[in-house]
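A.B. asks: Here the protein sequences come in this chain order: C and L.
Last residue of the first sequence: 287 (this note's numbering), numbering continuous.
Last residue of the second sequence: 1294 (this note's numbering), numbering continuous.
Keep in mind that a hint or two might mislead.
[Claimed, not checked] Here are the simulated SDA-like cross-link-like pairs (lysine to any residue), alpha carbons at most 20 Å apart as the crow flies:
| # | chain 1 | residue 1 | chain 2 | residue 2 |
| --- | --- | --- | --- | --- |
| 1 | L | Lys1187 | C | Gln268 |
| 2 | L | Lys1187 | C | Leu93 |
| 3 | C | Lys130 | L | Ala1171 |
| 4 | L | Lys1187 | C | Ile96 |
| 5 | L | Lys1240 | L | Leu1130 |
| 6 | C | Lys136 | L | Ala1171 |
| 7 | C | Lys136 | C | Arg98 |
| 8 | L | Lys1018 | L | Ala1028 |
| 9 | C | Lys136 | L | Lys1288 |
| 10 | L | Lys1187 | C | Leu120 |
| 11 | C | Lys130 | L | Ala1028 |
| 12 | C | Lys220 | C | Phe128 |
| 13 | C | Lys147 | L | Arg1198 |
| 14 | C | Lys123 | L | Thr1030 |
| 15 | C | Lys147 | C | Leu104 |
| 16 | C | Lys123 | L | Leu1130 |
| 17 | C | Lys136 | L | Pro1197 |
| 18 | C | Lys136 | L | Leu1130 |
| 19 | L | Lys1288 | L | Leu1272 |
| 20 | C | Lys285 | C | Gln268 |
| 21 | L | Lys1187 | C | Val118 |
| 22 | C | Lys130 | L | Ser1175 |
| 23 | C | Lys147 | L | Gln1189 |
| 24 | C | Lys136 | L | Thr1190 |
| 25 | L | Lys1187 | L | Leu1099 |
| 26 | L | Lys1187 | L | Pro1197 |
| 27 | L | Lys1187 | C | Asp114 |
| 28 | C | Lys136 | L | Gln1189 |
| 29 | C | Lys136 | L | Lys1018 |
| 30 | C | Lys123 | C | Leu104 |
| 31 | C | Lys136 | C | Arg175 |
| 32 | L | Lys1018 | L | Thr1030 |
| 33 | L | Lys1187 | C | Val148 |
| 34 | C | Lys130 | L | Thr1190 |
| 35 | C | Lys136 | L | Trp1188 |
| 36 | C | Lys147 | L | Ala1028 |
| 37 | L | Lys1240 | L | Ala1219 |
| 38 | C | Lys220 | C | Ala245 |
| 39 | C | Lys130 | C | Ser184 |
| 40 | C | Lys147 | C | Ala119 |
Worth flagging that the hints you see were computed from the coordinates, not collected in a lab.
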Amino acid sequence: MTPDGGTSGAVSESQRRDTRPAKSAVDRPSSGPATRGDDPVIESRNLDVFYGDDQALHGINMKIPERQVTALIGPSGCGKSTFLRSINRMNDLIDIARVEGELLFRGKNVYDDDVDPVALRRKIGMIFQKPNPFPKSIFDNVAYGLKVQGMTDDLEEQVHTALERAALIDEVEGRLDESGLELSGGQQQRLCIARAIATDPEVILMDEPASALDPVATSKIEDLIEDLAEEYTVVIVTHNMQQAARISDKTAVFLTGGELVEFGETNQIFENPDHDRVEDYITGKFG
Amino acid sequence: MATETGGDTGFGQVSRAKDVAFRYVTLAATLVGIVSLAILLAYVTVDAVGWLDWQFLTSPPHPDPFEAGYYPALVGSIALMVLIALVTFPLGVGAAIYLEEYASDNLLTRFIQLNIANLAGVPSVVYGLLGLGLFVGLLNLGFGTLLVAGFTVSLLVLPIVIISAQEAIRAVPDSQRQASYGMGATKWQTIRNVVLPRAMPGIMTGTILALGRAIGETAPLIMIGAPTTVFGVPNSLFSKISAMPMQIYTWAQYPSTEFQYGVVAASAVTLLAVLLTINSIAILIRNKYQQQQS
Chain C
1 MTPDGGTSGA VSESQRRDTR PAKSAVDRPS SGPATRGDDP VIESRNLDVF
51 YGDDQALHGI NMKIPERQVT ALIGPSGCGK STFLRSINRM NDLIDIARVE
101 GELLFRGKNV YDDDVDPVAL RRKIGMIFQK PNPFPKSIFD NVAYGLKVQG
151 MTDDLEEQVH TALERAALID EVEGRLDESG LELSGGQQQR LCIARAIATD
201 PEVILMDEPA SALDPVATSK IEDLIEDLAE EYTVVIVTHN MQQAARISDK
251 TAVFLTGGEL VEFGETNQIF ENPDHDRVED YITGKFG
Chain L
1001 MATETGGDTG FGQVSRAKDV AFRYVTLAAT LVGIVSLAIL LAYVTVDAVG
1051 WLDWQFLTSP PHPDPFEAGY YPALVGSIAL MVLIALVTFP LGVGAAIYLE
1101 EYASDNLLTR FIQLNIANLA GVPSVVYGLL GLGLFVGLLN LGFGTLLVAG
1151 FTVSLLVLPI VIISAQEAIR AVPDSQRQAS YGMGATKWQT IRNVVLPRAM
1201 PGIMTGTILA LGRAIGETAP LIMIGAPTTV FGVPNSLFSK ISAMPMQIYT
1251 WAQYPSTEFQ YGVVAASAVT LLAVLLTINS IAILIRNKYQ QQQS
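Model the full assembly from the supplied sequences, consistent with the hints where possible.
C.D. replies: In structure tokens, the structure reads:
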């Protein structure tokens, strides 16, 4: 039971990160401005999130590139899920949550007064930790977003396509009228992915999508995520560092207290991180 | 205490005296209620034998106990229940949705919530007084009419319907709402497509159980001036109506023993039968939907 309080003593030159005045993060070069020359789809600038009086995120700066998988890793309570949920304003559903700073989606601050969170969520889909299909048929589950968003032309074809892209069609072909709850856990999660991509969002947020699944189902989800990144920008929170290493292009490491300690190419983070605390975390010395 | 007796095991024994005593105390507590209820039911049923027949169920009341029937009261009670259901279901579910899904958790909401809980415990005779003042006096809907009786008893059971509907709505997992909001659904879309379908069995069960409470109410009917005896079935909302418990109350005051035992017992058994039917329907609905959702 020694969280980073104990290990931070070992940190030498990166000690500066440990004193956590929120705004000091400005000097962080966020590990090279958006490599490969592409504009970031999502950019966070000095983002603070509070739950009541507790500050869950401290001055997060991050540029999330298009059509890549960005993994958010870190120990429990480090704010990675909070960050994910602040992207599509799911935190709005919590009465006491409050956001400061900017979160830009295609250059527009999603916390501006003129942004409609419902419209925003139609552009940014979300997959949750526990598969949460509705107690409806497989077809109606996938069609849910399409119906809600009024995209009901060629409904059957759209549902079919979504199931195909979610690599689920072979397993459910011919029984789309059965309840989504009768599928296995892994199938349910792919059903939820089909539901999310049916409406063709630009970004897909995933909050530990495989943590409730067995290894086989997990590996199917991982394959699927890599395929999805060809068309979508994927941001995934995971507890599983091997998973982050396998599937992501970029990795952001959050450490206890709600700070982004390091963000960069996944290879570099895992092979040669700038910060000793990140190395300690990745090699399993804590967390 | 006496823990040394079983020393041969090497670790003794622990006294169970209090365990055993407490077991019989709680058993006795259980039996007192069950047994007295069973005795009551048996007496009433025995008394009703020979009185509860088709003629009784289909005839109007009559001064001769052998001719007397329960028909107007039976139909009156059923009409009353339909009206109460039509009034309380939309109002109760509407209020529950507002309180659970829309209202933010502030002082006002908590104050309203506390009051609903208190209103559920207000004695029915007080609601009768309210019905008399509001519907008969102020709105002039007539003494003892179906409409006034329905509205008055609706007010009485409304808090129960609201509270049970709130519980049903609260029981819908938050993950379901999040799935819907995450798909870019509005609040209304989420409530209509996700929350209500899932909460409906619980809401229906609560409403039906509230109707079961409503069917047995007598005091509010007396307060709003429902007639002691009605010879015809209601044919409009402004008909004067009788109801089963009201008729029982009237007959129980008749001097002849045939009324006091036979006719009243037959009426009571009929009332209980209707009540048990309603409760069984509620249980059936709940079981049916629970199977579908699990």
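A.B. asks: If a hint holds in the structure, say so; if it does not, say that too.
C.D. replies: Hints, verified against the model:
In summary, the hint linking Lys1187/L to Gln268/C is not supported, as the alpha carbons are separated by about 43 Å, beyond the 20 Å threshold. With a C-alpha separation of about 11 Å, the suggested pair Lys1187/L and Leu93/C falls inside the 20 Å cut-off, and the hint holds. For the hint pairing Lys130/C with Ala1171/L, the CA-to-CA distance comes to about 17 Å; that is within 20 Å, so the pair holds. A threshold of 20 Å between alpha carbons decides the hint, and for Lys1187/L with Ile96/C the separation of about 19 Å falls inside it, so the pair holds.
Restraint check for Lys1240/L and Leu1130/L: the C-alpha separation of about 19 Å stays at or below 20 Å, so the hint holds. Proximity of Lys136/C to Ala1171/L is assessed by CA-CA distance (about 18 Å); at most 20 Å being required, the pair is judged to hold. A hinted pair counts as satisfied when its Cα atoms are at most 20 Å apart, and Lys136/C with Arg98/C does not qualify at roughly 34 Å. Distance restraint check for Lys1018/L and Ala1028/L: the Cα-Cα separation of roughly 15 Å lies within the 20 Å cut-off, and the hinted pair is therefore satisfied.
Proposed proximity of Lys136/C and Lys1288/L is supported: the alpha carbons are some 16 Å apart, at most 20 Å. Proposed proximity of Lys1187/L and Leu120/C is supported: the alpha carbons are some 14 Å apart, at most 20 Å. With a CA separation close to 46 Å, the supplied pair Lys130/C and Ala1028/L exceeds the 20 Å bound. For the proposed pair Lys220/C and Phe128/C, the alpha carbon gap of about 16 Å is at most 20 Å, so the pair holds.
At roughly 18 Å between alpha-carbon atoms, Lys147/C and Arg1198/L fall within 20 Å of each other, so this suggested pair holds. As the CA atoms of Lys123/C and Thr1030/L are separated by approximately 59 Å, the hinted pair breaks the 20 Å bound. At most 20 Å may separate the alpha-carbon atoms for a hinted pair to count; Lys147/C and Leu104/C exceed this at roughly 28 Å. Of the supplied pair hints, the one linking Lys123/C and Leu1130/L is violated, its CA atoms being roughly 53 Å apart against a limit of 20 Å.
For the hint linking Lys136/C to Pro1197/L, the alpha-carbon distance of about 10 Å falls within 20 Å, and the restraint holds. Restraint check for Lys136/C and Leu1130/L: not satisfied, since their Cα atoms lie roughly 45 Å apart, outside the 20 Å limit. Restraint check for Lys1288/L and Leu1272/L: not satisfied, since their Cα atoms lie roughly 24 Å apart, outside the 20 Å limit. A distance of roughly 19 Å separates the Cα atoms of Lys285/C and Gln268/C; the hinted pair therefore holds under the 20 Å criterion.
A hinted pair counts as satisfied when its Cα atoms are at most 20 Å apart, and Lys1187/L with Val118/C qualifies at roughly 9 Å. A hinted pair counts as satisfied when its Cα atoms are at most 20 Å apart, and Lys130/C with Ser1175/L qualifies at roughly 8 Å. Distance hint between Lys147/C and Gln1189/L is fulfilled; the C-alpha atoms sit about 10 Å from each other, no more than 20 Å. Distance restraint check for Lys136/C and Thr1190/L: the Cα-Cα separation of roughly 14 Å lies within the 20 Å cut-off, and the hinted pair is therefore satisfied.
Taking the CA atoms of Lys1187/L and Leu1099/L, the gap is about 14 Å. The hint holds against a cut of 20 Å. Distance restraint check for Lys1187/L and Pro1197/L: the Cα-Cα separation of roughly 14 Å lies within the 20 Å cut-off, and the hinted pair is therefore satisfied. Between Lys1187/L and Asp114/C the alpha-carbon distance is near 18 Å, which keeps this suggested pair within the 20 Å criterion. Note on Lys136/C and Gln1189/L: the hinted pairing holds, with a Cα-Cα distance of about 15 Å set against a maximum of 20 Å.
For the proposed pair Lys136/C and Lys1018/L, the alpha carbon gap of about 52 Å is over 20 Å, so the pair is violated. For the hint linking Lys123/C to Leu104/C, the alpha-carbon distance of about 13 Å falls within 20 Å, and the restraint holds. Distance hint between Lys136/C and Arg175/C is fulfilled; the C-alpha atoms sit about 13 Å from each other, no more than 20 Å. Restraint check for Lys1018/L and Thr1030/L: satisfied, since their Cα atoms lie roughly 18 Å apart, inside the 20 Å limit.
Pair hint Lys1187/L plus Val148/C holds up; C-alpha atoms about 11 Å apart against a cutoff of 20 Å. This hinted pair checks out: Lys130/C and Thr1190/L have alpha carbons roughly 19 Å apart, not beyond 20 Å. The straight-line distance between the Cα atoms of Lys136/C and Trp1188/L is roughly 18 Å, inside the 20 Å bound, and the hint therefore holds. Restraint check for Lys147/C and Ala1028/L: the C-alpha separation of about 58 Å exceeds 20 Å, so the hint is violated.
Distance check on the hinted pair: Lys1240/L and Ala1219/L sit about 16 Å apart at the alpha-carbon level, within 20 Å; holds. Annotation: proposed proximity of Lys220/C to Ala245/C holds, straight-line Cα distance about 16 Å (limit 20 Å). Proposed proximity of Lys130/C and Ser184/C is supported: the alpha carbons are some 12 Å apart, at most 20 Å. Taking the CA atoms of Lys147/C and Ala119/C, the gap is about 14 Å. The hint holds against a cut of 20 Å.
Violation of the numbered hints given earlier is confined to hints 1, 7, 11, 14, 15, 16, 18, 19, 29 and 36; the remaining hints are satisfied by the structure.
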